[in-house]
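Engineer: Here's the letter readout for the chains.
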Amino acid sequence: MKRFQHLLGPEGCGSLGHFSRRTLLGAGAGLAWLTPLSQLLAASSEEKSSSGRPKSVIVLWMQGGPSQLETWDPHPGKMIGGDTKAIDTSVQGLQIADTMPRTAEVMHEMSLLRCVTSKEGDHERATYNMQTGYRPDPTLIHPSIGAILCHELSAEGVEIPRHVSIFPSAFPSRGGFLGNQYDAFKMYDPTGPLPDLPKRVPEDRFQARLGDLDILESSFAQGRRFDLEKNKTLHRKTVDRATTMMTSDQIDAFNIDGVPTEIKEQFGDTPFGRGCLCATQLIETGVRCVQVTLNGWDTHANNHELQSARAGDLDAALSATIKHLKERDRLEDTIVLCGGEFGRTPKINPAAGRDHWPHGFSVALAGGGIRKGVVLGETDPEGEKITPETKHAVRVEDIHATIHHALGINIDKDYQTPIGRPMAICQGTAISEIIADA
Amino acid sequence: MWLKNIAFIALATVVLASIANWLLSPPKVEAVDDPHVVVSDDFQATQEAVDAQFHEVWKARDLEPAPQADDLTIARRISLGLTGSIPSLEEIRLLENRPEEDRLAWWVNHLLEDRRYGDYMAERLSRAYVGTENGPFLIFRKRRFVTWLSDQLMSNRPYNELTQDLIAESGLWTDHPAVNFITATVDQDGTKEPDVARLAGRVTRAFLATRIDCVQCHDDNLGGDLKQTDFHELASFFSEAQNSFVGIMDQEGKSYEYKYLHAEEETTVPAQVPFNQHLLAESGGTLRDRLAGWVTHPENKPFARALVNRVWAVMTGRPLVEPVDNIPLNGSFESGNYPAGLDPLVDDFIAHNFDLKRLIRLIAATEAFQRDSRAEHQITAQHEQAWASYPVTRLRPEQIIGSINQASSLSTLNADSHVLTKLVTFGETNEFLKRYGDAGEDEFSMDGGTIPQRLLMMNGNLVSERTKQNFVRNAATRISQLSPDNKTGIETAFLCVLTRRPTEHELEHFVHRLESDEVKSNRTQDFEDIYWALMNCTEFAWNH
Chain L
1 MKRFQHLLGP EGCGSLGHFS RRTLLGAGAG LAWLTPLSQL LAASSEEKSS
51 SGRPKSVIVL WMQGGPSQLE TWDPHPGKMI GGDTKAIDTS VQGLQIADTM
101 PRTAEVMHEM SLLRCVTSKE GDHERATYNM QTGYRPDPTL IHPSIGAILC
151 HELSAEGVEI PRHVSIFPSA FPSRGGFLGN QYDAFKMYDP TGPLPDLPKR
201 VPEDRFQARL GDLDILESSF AQGRRFDLEK NKTLHRKTVD RATTMMTSDQ
251 IDAFNIDGVP TEIKEQFGDT PFGRGCLCAT QLIETGVRCV QVTLNGWDTH
301 ANNHELQSAR AGDLDAALSA TIKHLKERDR LEDTIVLCGG EFGRTPKINP
351 AAGRDHWPHG FSVALAGGGI RKGVVLGETD PEGEKITPET KHAVRVEDIH
401 ATIHHALGIN IDKDYQTPIG RPMAICQGTA ISEIIADA
Chain X
1 MWLKNIAFIA LATVVLASIA NWLLSPPKVE AVDDPHVVVS DDFQATQEAV
51 DAQFHEVWKA RDLEPAPQAD DLTIARRISL GLTGSIPSLE EIRLLENRPE
101 EDRLAWWVNH LLEDRRYGDY MAERLSRAYV GTENGPFLIF RKRRFVTWLS
151 DQLMSNRPYN ELTQDLIAES GLWTDHPAVN FITATVDQDG TKEPDVARLA
201 GRVTRAFLAT RIDCVQCHDD NLGGDLKQTD FHELASFFSE AQNSFVGIMD
251 QEGKSYEYKY LHAEEETTVP AQVPFNQHLL AESGGTLRDR LAGWVTHPEN
301 KPFARALVNR VWAVMTGRPL VEPVDNIPLN GSFESGNYPA GLDPLVDDFI
351 AHNFDLKRLI RLIAATEAFQ RDSRAEHQIT AQHEQAWASY PVTRLRPEQI
401 IGSINQASSL STLNADSHVL TKLVTFGETN EFLKRYGDAG EDEFSMDGGT
451 IPQRLLMMNG NLVSERTKQN FVRNAATRIS QLSPDNKTGI ETAFLCVLTR
501 RPTEHELEHF VHRLESDEVK SNRTQDFEDI YWALMNCTEF AWNH
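Order-wise, the sequence lines are chains L and X. Note that full-length UniProt numbering has the first sequence beginning at 1, numbered continuously upward. Note that full-length UniProt numbering has the second sequence beginning at 1, numbered continuously upward.
Think of the hints as simulated: they come from the structure by calculation, not from any bench. Cβ atoms here follow ideal geometry from the backbone N, Cα and C, with glycine treated the same way. Honestly, I wouldn't trust all of these hints.
[As the list claims (entries may be wrong)] Calculated pairs, BS3-like style, for lysine-lysine (alpha carbon to alpha carbon, straight line, at most 25 Å):
{"#": "1", "chain 1": "X", "residue 1": "Lys301", "chain 2": "X", "residue 2": "Lys227"}
{"#": "2", "chain 1": "L", "residue 1": "Lys199", "chain 2": "L", "residue 2": "Lys186"}
{"#": "3", "chain 1": "L", "residue 1": "Lys186", "chain 2": "L", "residue 2": "Lys237"}
{"#": "4", "chain 1": "L", "residue 1": "Lys119", "chain 2": "X", "residue 2": "Lys259"}
{"#": "5", "chain 1": "L", "residue 1": "Lys385", "chain 2": "L", "residue 2": "Lys119"}
{"#": "6", "chain 1": "X", "residue 1": "Lys422", "chain 2": "L", "residue 2": "Lys199"}
{"#": "7", "chain 1": "X", "residue 1": "Lys357", "chain 2": "X", "residue 2": "Lys142"}
{"#": "8", "chain 1": "L", "residue 1": "Lys230", "chain 2": "L", "residue 2": "Lys186"}
{"#": "9", "chain 1": "X", "residue 1": "Lys259", "chain 2": "L", "residue 2": "Lys347"}
{"#": "10", "chain 1": "L", "residue 1": "Lys85", "chain 2": "L", "residue 2": "Lys385"}
{"#": "11", "chain 1": "X", "residue 1": "Lys434", "chain 2": "X", "residue 2": "Lys357"}
{"#": "12", "chain 1": "L", "residue 1": "Lys237", "chain 2": "X", "residue 2": "Lys434"}
{"#": "13", "chain 1": "X", "residue 1": "Lys422", "chain 2": "X", "residue 2": "Lys487"}
{"#": "14", "chain 1": "X", "residue 1": "Lys301", "chain 2": "X", "residue 2": "Lys192"}
{"#": "15", "chain 1": "L", "residue 1": "Lys385", "chain 2": "L", "residue 2": "Lys347"}
{"#": "16", "chain 1": "L", "residue 1": "Lys385", "chain 2": "X", "residue 2": "Lys259"}
{"#": "17", "chain 1": "X", "residue 1": "Lys422", "chain 2": "X", "residue 2": "Lys434"}
{"#": "18", "chain 1": "X", "residue 1": "Lys520", "chain 2": "X", "residue 2": "Lys142"}
{"#": "19", "chain 1": "L", "residue 1": "Lys199", "chain 2": "X", "residue 2": "Lys520"}
{"#": "20", "chain 1": "L", "residue 1": "Lys385", "chain 2": "X", "residue 2": "Lys227"}
{"#": "21", "chain 1": "X", "residue 1": "Lys468", "chain 2": "L", "residue 2": "Lys199"}
{"#": "22", "chain 1": "X", "residue 1": "Lys487", "chain 2": "X", "residue 2": "Lys142"}
{"#": "23", "chain 1": "X", "residue 1": "Lys259", "chain 2": "X", "residue 2": "Lys227"}
{"#": "24", "chain 1": "X", "residue 1": "Lys487", "chain 2": "X", "residue 2": "Lys434"}
{"#": "25", "chain 1": "X", "residue 1": "Lys434", "chain 2": "L", "residue 2": "Lys186"}
{"#": "26", "chain 1": "L", "residue 1": "Lys119", "chain 2": "X", "residue 2": "Lys301"}
[Stated by the list, open to error] Facing chain L, according to a computed beta carbon distance under 10 Å, are these residues of chain X, among others:
{"#": "27", "residue": "Arg394"}
{"#": "28", "residue": "Leu433"}
{"#": "29", "residue": "Arg435"}
{"#": "30", "residue": "Arg454"}
{"#": "31", "residue": "Ser464"}
{"#": "32", "residue": "Glu506"}
Only chain L is shown next, with the shape it has when bound in the complex (with noise of 0.2 Å):
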């Protein structure tokens, strides 16, 4: 009974990571597209000691259910292996898909979760379940992992919405019972300006329009429910974020034409590529969660080219992500969360593709009070299914608790639901054998 397959060889500490931040800020050419703003956060921030800095969570959302076969966990010779070859990683014996070659080489920096279960194999009620921890519930909606970051950390000195989705994916991460105000803000390839951030109108006349807007909405707030503004509308709210964000310098962050070509080709000059640029810009000015979107996998015919084909923008953005935020001393800050609704089927069906397998699939995980190196679980050779009796199965809500715990959230806290009924944060239990500090 193999709890552990490996536990890290290397380090995981390149040099460059014994830098000290200022260090590499002043560092010149290759980092002079960090926004003025970016740098002065960035700066202030190491004042503080890096644990006392807010924590922050990326993403990665492989839409469509990715195949642990062709990505994480390939079986090169078996029946269930197909097509894929697998090739060594930066961790001694670990090796994983030869779609991934530059993650191999960033393994050192990750953890591993070949051992994932859950019950959902449809892909609406699945995203809801990796993306909150719970399975879907007709009497409520429960918030994503973004949503309860934001609503747990402080919002001092950001202007711009603090948990981004690029790309969002047909079911995009939702503030739930904790409200609208915590929904992921949408935006989609990061070149060029956010649209509708201009004023039509000078600054005098525009200020005269919001005071009319100040009267309308007493008048219709007279006589009805008192709490419409704060539980439901959050319309002068929202009037309020989009004002303060038209004018903010943190707009910036959202996009990425100033990068130079170098760095944006080590993401990959993909779409894809470039929402994980951005990424990291956001979270460098304070964005909480940043979710960006990875469509295609959901191969249910000719599943080795198309699975290939994410691998390879997979590849290239994930390991430039990890890479990046190790660089700018954000690693330790950032989780890094890499998966999707469920794995395929070890099965190859008659379309040469395969189907939703939510018995046993892989999830990757880097960053702050994430251990590096571990692989946990494995997958039997013949693809049968990961039973809670067997092969250690991680459940999802141990991934949500294991992420919570990282980011210093209280996981036994209850919320309180506007139905009136306590909700635990979380349900599931940390994963210790991947948590930094256990």
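Place chain X on chain L using the hints.
Structural biologist: Just chain X now, kept in the frame of chain L:
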């Protein structure tokens, strides 16, 4: 020469004054004919039965109901629910010239006869039937489908007959638009045949408000008693449907094979319904005919419940049972313990041969529909929950764009509008929906607005285009130039955008704004600013 100039100025003044008079004075009221509304005794009886059930709930929960809303507020709700936009100034004038006692009933009838009703309701219903995707290229004709549906609604075709067509019609997707219900599921990548599983899911959700999708892959393990076999036996009714060059046809005897979970091999799945089996005809017609007969059987109450719940939701923004397409068949529902209002409306709907327009008239006449969303006493979430006050619900994106367009025109935008206006509106609507975010099938979610939506309303093209100086197209400009005085101008702007008159405080504020020089602007710009504020406030974006 100066005489000529004076004559010209005089003439221009007269012309402008006439235009102003024509635009801003109450339009001539049509001859007051007999009220269109025929209120039969049993209409009254059903209405009273619904009201009585709500009263019972309010009493049991110790909730003091809000008073009845004023006519214009109720008219706005009805208009948003039936046409997807607010009333025009022209319509408000017409409405206010009706005798008070039949005003609202007349208003409902007026809208039910307007093509906007058919088009809007068809769009809303079609989401439940075929989703919001464009569907398979060529063989799925969404536009034809929605237009056909709109025609059926305008002629008030009994809803059971309409549904039977959707489920069982055969022929080409152009000549027999109802078959698009089937062709929407044709899978272009795979079999190029109708997807029996998706059809089973659609039929149960859209027509029976029952979700059985989750037993497609395995038996219900969440406490329900539905089996995987239930799902596929229902799907089997569509096994004969096939897609060919003559459209959707039925190949008699074609069977449905499926390999159940844990089964060794595929088995032939018989066609069977998951409940009320005794209502299924044993023979006669195609499999789809038999299924349609079962779904719409007067004793198969989930059918009527599904529609009543959905129409209530379309008209108010919130269904009686949430989610809209999941009314339990068991638990308290099994013993007939339904939420207030549902049962009497369902019985009436069935007893009156699935008359949709009658159902709409009934809903609009109920006390629950006509409660105010404000009161002298404190309104709470519990009031809203029990319909003791009208729930404030967010307008759907298409209602927002419909209302922006209508508010920027003094006359009614409908089928009689100029073709150019219709074309521009069509293009703008699509662009706006893309940016604002279509609610898709999840159209009754209670989410508040988002920052991108606010930015779009505050700085986006559409609001800017519809409020800026444009005498031909924009109401803001016309009001600024033609209103005889500031007070009338402000009042007209409020009626156009918020379907109400300003309060004294608002009037004072906005008149002062027009008369002061604190901000450098001209009168047209002032009205542009006022329109901007009216379109950006909570009141405009929410039903209340």
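Engineer: For every hint, state whether the structure bears it out.
Structural biologist: Hints and how they fare:
Annotation: proposed proximity of Lys301 (chain X) to Lys227 (chain X) holds, straight-line Cα distance about 22 Å (limit 25 Å). Distance check on the hinted pair: Lys199 (chain L) and Lys186 (chain L) sit about 20 Å apart at the alpha-carbon level, within 25 Å; holds. Restraint check for Lys186 (chain L) and Lys237 (chain L): the C-alpha separation of about 18 Å stays at or below 25 Å, so the hint holds. Straight-line distance between C-alpha atoms of Lys119 (chain L) and Lys259 (chain X) comes to about 20 Å, which keeps the hinted pair within the 25 Å bound.
Our distance criterion of 25 Å between C-alpha atoms is met by Lys385 (chain L) and Lys119 (chain L), whose separation comes to about 12 Å. Between Lys422 (chain X) and Lys199 (chain L) the CA atoms are separated by roughly 29 Å; this puts the pair beyond 25 Å, and the hint is violated. For a cut-off of 25 Å, the pair hint linking Lys357 (chain X) to Lys142 (chain X) stands: about 24 Å separates their Cα positions. Distance check on the hinted pair: Lys230 (chain L) and Lys186 (chain L) sit about 22 Å apart at the alpha-carbon level, within 25 Å; holds.
With a CA separation close to 15 Å, the supplied pair Lys259 (chain X) and Lys347 (chain L) stays within the 25 Å bound. Our distance criterion of 25 Å between C-alpha atoms is met by Lys85 (chain L) and Lys385 (chain L), whose separation comes to about 22 Å. Between the alpha carbons of Lys434 (chain X) and Lys357 (chain X) the distance comes to roughly 31 Å, so the proposed pair goes past 25 Å and is violated. A threshold of 25 Å between alpha carbons decides the hint, and for Lys237 (chain L) with Lys434 (chain X) the separation of about 24 Å falls inside it, so the pair holds.
Between Lys422 (chain X) and Lys487 (chain X) the CA atoms are separated by roughly 32 Å; this puts the pair beyond 25 Å, and the hint is violated. For the given pair, Lys301 (chain X) sits about 34 Å from Lys192 (chain X) by alpha-carbon distance, which is inconsistent with the 25 Å threshold. Pair hint Lys385 (chain L) plus Lys347 (chain L) holds up; C-alpha atoms about 12 Å apart against a cutoff of 25 Å. Simply put, Lys385 (chain L) and Lys259 (chain X) have alpha-carbon atoms about 19 Å apart, close enough for the 25 Å limit, and the pair holds.
For the given pair, Lys422 (chain X) sits about 18 Å from Lys434 (chain X) by alpha-carbon distance, which is consistent with the 25 Å threshold. Straight-line distance between C-alpha atoms of Lys520 (chain X) and Lys142 (chain X) comes to about 50 Å, which puts the hinted pair past the 25 Å bound. The straight-line distance between the Cα atoms of Lys199 (chain L) and Lys520 (chain X) is roughly 17 Å, inside the 25 Å bound, and the hint therefore holds. Proximity of Lys385 (chain L) to Lys227 (chain X) is assessed by CA-CA distance (about 22 Å); at most 25 Å being required, the pair is judged to hold.
A threshold of 25 Å between alpha carbons decides the hint, and for Lys468 (chain X) with Lys199 (chain L) the separation of about 14 Å falls inside it, so the pair holds. For the given pair, Lys487 (chain X) sits about 47 Å from Lys142 (chain X) by alpha-carbon distance, which is inconsistent with the 25 Å threshold. At roughly 14 Å between alpha-carbon atoms, Lys259 (chain X) and Lys227 (chain X) fall within 25 Å of each other, so this suggested pair holds. Simply put, Lys487 (chain X) and Lys434 (chain X) have alpha-carbon atoms about 38 Å apart, too far for the 25 Å limit, and the pair is violated.
Taking the CA atoms of Lys434 (chain X) and Lys186 (chain L), the gap is about 13 Å. The hint holds against a cut of 25 Å. At roughly 33 Å between alpha-carbon atoms, Lys119 (chain L) and Lys301 (chain X) are farther apart than 25 Å, so this suggested pair is violated. Restraint check, Arg394 (chain X) versus chain L: the minimum CB separation of about 8 Å is within 10 Å; hint holds. A cut of 10 Å between beta carbons decides the hint on Leu433 (chain X): the least distance to chain L is about 15 Å, and the hint is violated.
For Arg435 (chain X), the shortest C-beta to C-beta distance to chain L is roughly 7 Å, which falls under 10 Å, so the interface hint holds. A distance limit of 10 Å between C-beta atoms decides the matter here; for Arg454 (chain X) the minimum to chain L is near 4 Å, and the interface restraint holds. The restraint placing Ser464 (chain X) at the interface with chain L holds, with a minimum CB-CB distance near 5 Å, inside the 10 Å limit. Interface hint status for Glu506 (chain X): upheld, as the beta-carbon distance to the closest one in chain L is roughly 6 Å, under 10 Å.
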